[in-house]
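> Using the hints provided, position chains B, C and D with the ligands relative to the given structure of chain A.
Residue numbers (our numbering), protein chains in the order written: chain A, 28 to 388; chain B, 5 to 508; chain C, 25 to 364; chain D, 30 to 364.
These are computed hints drawn from the structure, not numbers from a lab. Everything numeric in this text was worked out from a predicted model, so none of it was measured. Do not take every clue at face value.
Unchecked claim - Capping the alpha-carbon separation at 30 Å, the derived lysine-lysine pairs in BS3-like fashion look like this:
hint: 1; chain 1: D; residue 1: LYS183; chain 2: C; residue 2: LYS244
hint: 2; chain 1: B; residue 1: LYS107; chain 2: A; residue 2: LYS263
hint: 3; chain 1: A; residue 1: LYS263; chain 2: B; residue 2: LYS334
hint: 4; chain 1: B; residue 1: LYS29; chain 2: A; residue 2: LYS263
hint: 5; chain 1: A; residue 1: LYS202; chain 2: C; residue 2: LYS136
hint: 6; chain 1: A; residue 1: LYS202; chain 2: C; residue 2: LYS321
hint: 7; chain 1: A; residue 1: LYS202; chain 2: C; residue 2: LYS138
hint: 8; chain 1: A; residue 1: LYS263; chain 2: B; residue 2: LYS315
hint: 9; chain 1: C; residue 1: LYS82; chain 2: C; residue 2: LYS349
hint: 10; chain 1: C; residue 1: LYS336; chain 2: C; residue 2: LYS287
hint: 11; chain 1: C; residue 1: LYS268; chain 2: D; residue 2: LYS183
hint: 12; chain 1: B; residue 1: LYS343; chain 2: A; residue 2: LYS263
hint: 13; chain 1: C; residue 1: LYS287; chain 2: D; residue 2: LYS183
hint: 14; chain 1: B; residue 1: LYS367; chain 2: B; residue 2: LYS334
hint: 15; chain 1: A; residue 1: LYS263; chain 2: B; residue 2: LYS375
hint: 16; chain 1: A; residue 1: LYS263; chain 2: B; residue 2: LYS301
hint: 17; chain 1: A; residue 1: LYS263; chain 2: B; residue 2: LYS190
hint: 18; chain 1: A; residue 1: LYS202; chain 2: C; residue 2: LYS102
hint: 19; chain 1: D; residue 1: LYS183; chain 2: C; residue 2: LYS336
hint: 20; chain 1: D; residue 1: LYS183; chain 2: C; residue 2: LYS242
Stated by the list, open to error - Derived CB-CB ranges, DEER-like:
hint: 21; chain 1: C; residue 1: THR83; chain 2: D; residue 2: ASP239; range: 56 to 62 Å
hint: 22; chain 1: A; residue 1: VAL70; chain 2: C; residue 2: LYS57; range: 33 to 39 Å
hint: 23; chain 1: A; residue 1: HIS139; chain 2: D; residue 2: PHE317; range: 56 to 62 Å
As the list claims (entries may be wrong) - If you want the footprint, here are the derived chain B segments under chain A, 3+ residues with CB under 8 Å:
hint: 24; segment: 320-330
hint: 25; segment: 343-355
Using N, Cα and C, we set each Cβ at its ideal position, and we do this for glycine too.
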Amino acid sequence: MSAPVSETATQALQEPDAPTEQPRGGRTPWWANQRVCLLILVVALSALFGILRPAFFNQQLVVFPLLRDIAMFTVVGLAQLCVLSIGHMNLAVGRMAAFSMMITGISYDLWHFSLYAGLLVGLVAGAAIGALAGWVIARTGVNSFVVTLALDFLLLGLIPLVYTGLTDNAAFVTKPPGMRELRNYSLADVCIGNVCGSPAVPQLTMFAVIAMVVVGWIYSRTKLGRELLMTGTSVKAAELSGIPTARRVITAHAMSGCLAALAGFMLAVSTGSIKATIGEEFMLPSFLGPILGGTLLAGGFISVWGTLLGTALTTVIRKGLDLLGVGLESLNIYLGLILLVALSTDRIRTVLSDRQGVRKR
Amino acid sequence: MTLFLADRVDKLFPGVRALDGVTLKLEAGSVHALLGENGAGKSTLIKVITGLYKPDGGRLVLDGSEVQFGSPHESASAGIGVVHQERNLIPGFTVGENILLQKLPTSRGLVDRGAIRSEAARWLAELDLDLDPDQPVTELSVAQAQLVEIAKALSVESRVLLLDEPTASITPNEAERLFRVVAKLKNDGRSVLFVSHKLEEVFQICDTVTVLRDGASVLESGPLADLTRDQVVDLMVGRVHEALALPPRTVPESAPLLELSGVSTATGHADVDLSVRPGEIVGLYGLVGAGRSELAKALLGLDRITAGEVKVRGQVVRIRNVRDALRNHKIGYVTENRKEEGVFLEQSVSRNIAVTVWDRLRKALGYVPAKAEAAMVADYVEQLGIRIASPAQLAGTLSGGNQQKVSLAKWLAAKTEILIIDEPTVGIDVRTKDAFHTLIWDLAANGLAILLITSDLPEMITLADRVVVMRDHRVQGEVANDHDYDTMSQQVIRLIHAEGTTAA
Amino acid sequence: STKNTGDTTGGTAGDDASSGTSAGPVVLKDGSKVKLALVPGGAHPYFQPWKTTADQDKTEFKLAGATFNETGEWDQGKQNNVLNSLAAQGYNAFGIFGVSPTDINSTFEDLKAKGFVVGSLASCPAGDTNSADFCLSTDVEAAAYKAAKATIEAMGGEGALVHLTGNNVDSNTQRRIAGVRKAIAETGGKVTELAVVTDIDEDLQTAQKAVADLLASKGKDIKGIVTTAYNPAVAAADGVASSKLPIKVVAIDDDAKILAGIKSGGVAATVAQNPVGQAYVGGWLLALLGSKQCTMKTPGVTVDSGSFIVTKANVDSYDTERKAKTADLQKVFAAQLSCQ
Amino acid sequence: MKRFASTFARTTEMTLLVICVVFFVGLVIASDGDLLSANSLRVLLQFLAVPVLIGLAQMVVLAVGQLNLAVGAIGGFAAVSMGVLMAEHGVPVPLALLIGFLLSSAAGLVNGLLVVLTRINGFIVTLATMTVLLGVQYRVVGTRTVDDYPQGLKSFGSYAVFGVLPLIFLVALVVAALLAVMLRRTVPGRQLLASGGNPIAARLSGISNDRSVIIAHTLSGAILGVAAILTVASSPGVNKSIGGDWLLPSFAAPIIGGALLTGGSAVVLGTVLAAFIVRFVDTARAEFSLEPSWVNFVVGAVVLGSVVLGQVRTRRQERRTVVKAPDAAVAGGVS
Ligand SMILES: Nc1ncnc2c1ncn2[C@@H]1O[C@H](COP(=O)(O)OP(=O)(O)OP(=O)(O)O)[C@@H](O)[C@H]1O
Ligand SMILES: Nc1ncnc2c1ncn2[C@@H]1O[C@H](COP(=O)(O)OP(=O)(O)OP(=O)(O)O)[C@@H](O)[C@H]1O
Ligand SMILES: [Mg+2]
Ligand SMILES: [Mg+2]
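With the rest of the complex left out, here is chain A (with noise of 0.2 Å):
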C-alpha cells in the first residue's frame, strides 16, 4: 500500500520542529464520562428508591415491567438515534410506528398471518414509510423537522381512517398464538439444561438487546455506520467524498423507521392490542434516551449505550416517583426538574474538564 509520494516529498513535508497538536482537552477524566456518569446516577438512583420503598426491587411487579419499558423506549430512542446521526430528526417516529402497527393488524385480522410473519411486515412498512420520508427530505433538501412533521400531519389523518374503516372497536384485536406468552414470559421460561434466567427479565427485552447490538454493529463496524456518521458531520464534505449523502439520509430514516415499528410492536404486545393511539407516547423519551446518552443532535456522533442508559435513568425516575406516591399534581413537575439539572450537571461537567485540558503548548 504506497501511494505515489517520493522519499524527499515526504522528508520535506515531515518538518522536524512542528508544533505537535494536542487532541482537544487532551485526556479526559473518567468523570467527565457522560455514559459513566449515567450508569452511576441510574444505580444510585435505583438504590436510592429501593431503600425508600423496598418494594422497587419486587422482581414480578416492578423491575419486569420496568425493564420491559426499558427495553421498549431503548428502541425507540434508537430509532430516534438513527437520524439523528445524520443531524435529522424525525417528529414521526410515533406515527410511523402506528402506521407499521397498523400493516401489522391488518396482516393479523386480514390475513391471519403468524406473530413474527406480521412482525415482519410491520418491520418491511415501517422501514418503507421511513424511506417515504428520507426520500423526499433527500430529494427536496427540505429540512427533516418539517418533513416528518408533516409526515407526521398526514399519518394522523390517514391511521384513524383505514382504523374506522376496517375494525369495529377501532383496533385490531385478533391476537396470534404466542403473543400473549411474548408479553409475559420471562427468562426464567427460558432454559438451557437447568439453568434457567432470571424470571425479573421479560423475553421481550431480547427484541431491544438485538436492536442495540444491530444498530450498534453498524455504527461502530461497518462502513455504512461510518458513512452515516460522516454524513452527519458535513454533508457537503461527504458528498465530495464519494459518499452517496442522498442514499444515506433514505438509509437512515428507513432504519429510524424500522426501529420505530418494532417499539411499536412491543408496545403493542406489552399492552394487549394493536390500535391506531399506539406510539401517540414515543416523541419525548425519543429524544431524551439519545441526548441524554451523549448522542449528539447535530449529527455525526451516537451512543447506543448512552441512549439505553438514558432511557433507563427517565424510566427509573419515573418509576420511583410512581412507587413514592407521587401525584398527576407533582409529576410532571418533578419530571422536568429533574432532567434539567440531569442536563445541566452534564454541561458542568463538561466545562469542567475542558478547564482542566489548559496547559502549556
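Relative to chain A, chains B, C and D with the ligands alone:
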C-alpha cells in the same frame, strides 16, 4: 506617534497558549504588517484587540490611555475597525444595514432607513464602490462582499483599522483598489494593520512589521524596508528557509487521461476544451469567479453538463457523482473549501482519511476491519507528514495546513489517477506551501494526471506544465509554462483581458 | 355476559337482579386485608367523586388502605405501570377505568394471574369478554341513547340533530355513535343526523372552535345538539347561548359547569352518570372479593351503573334518584355473589 | 418602492395571499355566500386570533434559530392562572391579566436564560420546561373548568366591531403589527434577526447572541401571554386542556409562512396568512362535514407542499450568490 499599543498580551485556550507576551505597536499614518505561519496567533491577537476575546495577561493602550474592551461593540465605539478573516455579513440584510450594523442610526426609537441609505452611500463612495445600499447582500460577488466589509469597518469612524487577510479571496485588481483606499487612510493619519500570507502585497503597502511565531512575537514593530523577503520568511519559520527547488520532471508523451471537448454546463460554461495527460500538471488560471471550481464540480457530476463530451482514458463517459468518479474513473477532487467540504472537522483524522477507502476495505455485511483501516491511515499520515497526536484526534483541532494534508490524503489513499486540486494553499503559510508544492510535483512525477486550479500566479508558474486561462466560464487560451514569472504573468494577464477566444 | 353488542342483555342483567332478589346488600365481615386502589384513565372531572368515595370506602368498610391514582395520563402503558407500582406497594384490589378498552383485558388478566381482584369501573372492555371479576359501568351506548332521546324530546320530536363526541378511534366513541343513531332511527325519519363531529374532546378550544364553525355554517338547520364528551358539552352550551339560536343542547355528566348551564337554561338536559355509585359499590364488591368472603357466580358479569336524565325540573333532586340506584346496585350484585 | 413591489411578487407572502384568496372564494361559493354573512365572518375571524399569536410566538424564536416546544404549556399555564386568580381569589381583572401576562413572559425569560446559561439545546430545554409547566397547570386548576370571572372580560372576548371584526382578532393584528415593526425597525429587533441570520457575524459586529436568544424567548412568552388573555376572555372557561393543541399549529403557521428553521427570517405577514389558510381548512371541515382526520391530512399535505415549493424557489434564487442565505437544505437539523 503611537496610536495603539498591545503590550505583552497573553491568551490561553483550553490546551493551547495562543498568545505569549505579544507586543504590537501601531503608529498613526502608517501601515503595519502582522505576519506569521498558520496558527501563529495573528487572528487571535486581532480578536483580543477588538474585545472578542478577553486577554489573559498584558494590556492594551489606545491614545496613551489603557483600555479594556468587553465586547466588539466597545472597541468599535473607541474607533477600532476590523475586517475579520471569516465572512461577516448578515444574509437577510441590505448592504446599508450590514455596513452600519454596529450602530444603526435611529430616529424616535426606530431604525432610520433614510439615514442608513445616505450614510452607507458615503462609505461606499469612499471606497469607490458603486453599490445600491438597499441591495440585499446575498446578491453580491465575493469581492464586493469583501469591500462591503471594509466599508463596515470604516463606518465606525475608525482611526485604527485591522485587516485580517482581506485579500485572500479577491483578485489582484480588486486588491489594488483596496490598497488605494489603504493609502488614503494612511495619508489621513490613520493606522492600518494588515495581515496576509501574500508577501508581495505586504512589501507593496506596509511600512512596519511584526512577526509572530507560535504565539510569541519574534520581531516587534520593525521597519519593513530593512528586511528582504527571505529574511521575513526566515523569521516566520524560525530558521533559514531555502527557496524551493523542485527536482526535474518530464511529461511522457501519451494519450490524455482526461479530455473535455466542447463542454457546456448548466452553470454557464460554454464550449470548454481541456485535456490532461498522465504525469502532467495542467494549471487552470482565472480570476475569482471565472468558473473553474464550478467546472470541476460539473466534471464530477455535481452540476449538469449540457453539451460536449468528457472522455476518460479515451472513453466517453457520463459521470453521475463523486462516488461514480472515484469508483469507476479514479478521479479525485481536492476542494477549495477546506473547512466545509474538504474535511469533517468533528471527526477523527483516521476517519477523514479512510472515508474513501471503506469501499475497498469492507468485508461481508459491510464490516470494515479496524486493523486494516488503521494501518492504511498510519501509512498516509506518515507519508504526508501529518502532525497528529493520535489518529483519533479530531480534524477540527488541526492547523489549516495539516487539515489540507488530510483533505488530500484521502484521495491518495483512494488511489486516484486523475486529481483535480482546487486552491490547495489558500491561507497556508510559506513553509507548508513549499511542502505542498513538492508533494504535487511528486504526484505528477509518479504518473498522476493533475488539474491544478489556483489563483496564486507564482504557485501556478512553479508547478504547471501548461496554463489554461478561463474567464466568464470560457477558456480564453493556453500558455506553455516557461517557469519565468515576468513573461508568464504578462501572457496570462493578456489572455485574461483578450477579447474573444484565442488559442496560444 | 356481553355489553357492547347493542342488545339489551346488560340492561336485563340489572333488571333481573333488582326484581329477582329482594335480599339486602351482603355485609362485609372483614375488610382489613384489602387495600383498594381506584385507578381512572387519567385526570378528568368525571372521576373526581372517586377520590372522596375512596376515602369513604376505606372508613366505611374498614379497609387496610384505599387510594386514588390518576397518573396514568390517558396512556395504557403508563396506566399499567401505575397498576404494577400500586400492586408492589401492597394494593390488592383494583377498580380500574381502562384507558384503552381494547387493551384493558390484557391488563386485567395480568393482575388476576397475580392473584388480585379487579373490577372494571365506568367502562367495560371492548369485545365480548370481560376478564375482570365484574364490570360496573355506565352502559355508554344506553347513556348516549338516553341523551339522544332527551334531545329529540327537547327538539319537539323532529328536525336535524348534531352529535359531538370525542376520540374517533376509541371503541367507546363508536358505542356512543351507535347509541345516538339508534335513538334517531326510532323516530322513523322525523329526526335526522346532520353531522357527527368527532375528535373534539382533546381540549376546550378545539371544541369551542368546532362548535362555532358548525353553528356558523349550519346553525340555522340545527335543532338539537347532543354531546357525549366533556369539552364539547361545555363548548356547545356556551356556543349556543352566545349565538342565540333556538338550539337544544343535551350534555353529558354533571360537572359544576354543566349543572350551572341547566339551571340557567343554556343546557336543556344532561345525562348524569353514577361515578359515586361505581366507586362505592365497586369498592364494596372488591372488598368482598378481596377478603375471600365472596366470589362471583359468573365472573366478568356486567352491570349498568345507571344514567339519569337531569333537566331543570329535577336538577336539585336527581341525586336522590342516583343514591337509590346505588343502593339498588348493591342488591343487584348481592344476587351475583356466592358468599360464605 | 419598485424594488419592493417586484420582490414582493416573488415572495412566499404573495403565494400565500393568492392561496388565501382562492381558498376564501372557493369557500364562499361552496357555502352559497353564507360565509359572507356577518356572523360567519365573525366566527371565522374570532378563532384566528389565538392561532395567529401562537404562530408569531413560535416565529420569533425561529427567527433566532431556536424553537419553543413549550408554547402550549406556557399559554395554558398563564390562562389557568388568570382564570383561577379572578374566579377563586377575587383578583381584579386588570391585575389578574397583568399577572398572567407577566408569568408567561417570565416563563419565556426562563427558557431563554436556561438556553443561554446551560448551553443545552433549546429543543431539550423547552421540552423540559413544557413538562414542568404542564404539571403546574394541572396543579393550579386540577380537573375543573373555571369560568366564574367578570362578565366584562367575557364581553370583551366576544365583542365584534360592526358585528364582524372581533376585538380579539384586532388585538392579535395589533400584536402582529407591533412585532413586525419591532423586528424591522428597532435596534433590538434587527439585532435579533442578525443573530439568527449569522450568529458568528453578529457576534463579530458586537451583537450579543445570548441577549438576542433571551429577548426572543421572552418575546415569545409575552406573545403567549396575550394569547392566554384572549383565550381567557373568549372561551367558555379555562381548564387543564387549554394550550393542548397549540404546538403543531404554532409550527405550521410560520413554516408555511416561509420561516427558516435555521433562523434569520422574520415572516410576520406570512405567519398571519398561513394561520388564515389553516383556519380555512377548519371552516371547510365544518362546511363539508369532513372527518377531522381529513383536516390533518390536508394540513400535512399543505405544509409539505408549501415547503417543497419554497425550497425550489430559494434554490433557484440562490444560484450565483456569495453571501449564502441560510440554507434550509443543510442536514444539520435544528440546533
Ligand atoms: N477559539 C479557539 N479555541 C481554541 N483554540 C483556538 C481558538 N482560536 C484559535 N485557536 C488556536 O490558537 C492558535 C492561533 O490561531 P490563529 O487563528 O490566531 O492563527 P492565525 O495566525 O490567524 O493563523 P492563519 O494564518 O491560519 O489565520 C492556533 O493554534 C489555533 O488552533
Ligand atoms: N466562494 C465563491 N467565491 C466567489 N464566487 C463564487 C463563490 N461561490 C460561487 N461563486 C460564484 O460562482 C461563479 C463561479 O464560481 P467558481 O467558484 O466556479 O469560480 P472560480 O473560478 O473557481 O473562482 P474561485 O474558486 O476562485 O472563487 C461565479 O459567478 C461566482 O460569483
Ligand atoms: Mg488567521
Ligand atoms: Mg474556485
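> Take the hints in turn and mark each one as holding or not.
Outcome of the hint check:
1. D:LYS183 with C:LYS244: Holds, at about 25 Å.
2. B:LYS107 with A:LYS263: violated (36 Å)
3. A:LYS263 with B:LYS334: holds (20 Å)
4. B:LYS29 with A:LYS263: Distance ~42 Å between LYS29 of chain B and LYS263 of chain A Cα, so the pair is violated.
5. A:LYS202 with C:LYS136: holds (19 Å)
6. A:LYS202 with C:LYS321: Holds: LYS202 of chain A and LYS321 of chain C sit about 28 Å apart, inside 30 Å.
7. A:LYS202 with C:LYS138: Answer holds: LYS202 of chain A to LYS138 of chain C is near 22 Å, not above 30 Å.
8. A:LYS263 with B:LYS315: The given pair, whose Cα atoms are some 26 Å apart, holds under the 30 Å limit.
9. C:LYS82 with C:LYS349: holds (21 Å)
10. C:LYS336 with C:LYS287: holds (6 Å)
11. C:LYS268 with D:LYS183: holds (16 Å)
12. B:LYS343 with A:LYS263: holds (10 Å)
13. C:LYS287 with D:LYS183: holds (20 Å)
14. B:LYS367 with B:LYS334: holds (21 Å)
15. A:LYS263 with B:LYS375: Distance of about 28 Å is within 30 Å: holds.
16. A:LYS263 with B:LYS301: Judged against 30 Å, a Cα distance of about 12 Å means the pair holds.
17. A:LYS263 with B:LYS190: violated (42 Å)
18. A:LYS202 with C:LYS102: holds (22 Å)
19. D:LYS183 with C:LYS336: At roughly 25 Å apart (the allowed maximum being 30 Å), LYS336 of chain C and LYS183 of chain D satisfy the hint.
20. D:LYS183 with C:LYS242: Given pair LYS183 of chain D, LYS242 of chain C holds - Cα atoms ~25 Å apart, limit 30 Å.
21. C:THR83 with D:ASP239: 56 to 62 Å: With Cβ atoms ~58 Å apart, the hint holds.
22. A:VAL70 with C:LYS57: 33 to 39 Å: holds (36 Å)
23. A:HIS139 with D:PHE317: 56 to 62 Å: Given range 56 to 62 Å: violated, Cβ gap about 38 Å.
24. 320-330: Coverage by chain A holds here, the residue count being 5 at a Cβ distance below 8 Å.
25. 343-355: Coverage by chain A holds here, the residue count being 9 at a Cβ distance below 8 Å.
In this structure, the hints that do not hold are numbers 2, 4, 17, 23, in rising order.
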